[in-house]
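Colleague: For the sequence shown, our numbering assigns the number 120 to the initial residue and increments by one for each residue that follows.
Please note that the accuracy of each hint is not assured.
Derived DEER-like restraints, expressed as beta-carbon distance ranges [as the list claims (entries may be wrong)]:
{"hint": "1", "residue 1": "Lys328", "residue 2": "Tyr238", "range": "44 to 50 Å"}
{"hint": "2", "residue 1": "Val130", "residue 2": "Val187", "range": "30 to 36 Å"}
{"hint": "3", "residue 1": "Val187", "residue 2": "Gln269", "range": "47 to 53 Å"}
{"hint": "4", "residue 1": "Glu192", "residue 2": "Ala239", "range": "17 to 23 Å"}
No wet-lab data here; the hints were simulated from the structure. The C-beta atom is built at its ideal place from N, Cα and C for all residues, glycine as well.
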Amino acid sequence: MSHTHENAGGVVVSGKIKVQNNGKKEARIMIYHEDLMVSCDKPIDYAKVNSHDRSLGTWIKTNIDEKVLEGNEIYDIAYTITLPKDLKGSYWSVIMIEGADPIKEDVENGVKIDSKVRYAILVVAHAGTLENPKIGFEQMKIVPKDSVSQTLHVKLKNNGIFVAPAKLSIEIYDAGGKKIKTAETILRRIYPEKCTEFELVVKDLAKGKYEGVLIADNGKDLYGANINLDIN
């Protein structure tokens, strides 16, 4: 779940997050903010606001911190973003919506474990005129998945200052130069100066050597790289 706002620098932009209590009993929810932490060498994680230099931090506000929803009640959580005028690039944070009461309670080895529902809504704000993203191939490796398929792991890095949506595809050619297979991923975000790992599953290739062309597509530009595939 995500919300994206353009031309957010120097003006107040707003949005709404619709929540619903699908149960018959009242339910209390808590609303708070965290930062989405992304890098090229660590898993995605969450941290307190202003943990990175492109955090929306104190520039994003919600109208409430908690709310009691009656059974089947629908409510719009409103938020505003006020970015300074002199900023440029993409900034982001996460609005967390968490049920205050546990949905499940287990006892394991004498320890009580509460399970709660928590939703993370990503909010991205672009300040200034959007620029064409600069996408680069950071890392590639092939991992056997099973006896008939291989998984190609590719890290793409965004060398620009705006969040870049991109998808990755591969065209595979045999020794004679004939294209015999293609595969592609879904569209994913790559954050400024960060990496996103894409996975391409290549199935049913006979043993042998192949050439592949990787294509990163951000909707405006195409970036390519050649690879060799050796299926044993």
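Colleague: Each hint should be assessed against the structure and marked as holding or not.
Modeller: Right, here's what the structure says about each hint:
1. A hinted range of 44 to 50 Å for the beta carbons of lysine 328 and tyrosine 238 is consistent with their spacing of about 47 Å.
2. Valine 130 and valine 187 have their C-beta atoms about 33 Å apart, which keeps the hinted 30 to 36 Å range intact.
3. Checked against the hint of 47 to 53 Å, the C-beta distance between valine 187 and glutamine 269 comes to roughly 52 Å, which is consistent with it.
4. Distance hint for glutamate 192 and alanine 239: a CB-CB separation of about 22 Å, consistent with the stated range 17 to 23 Å.
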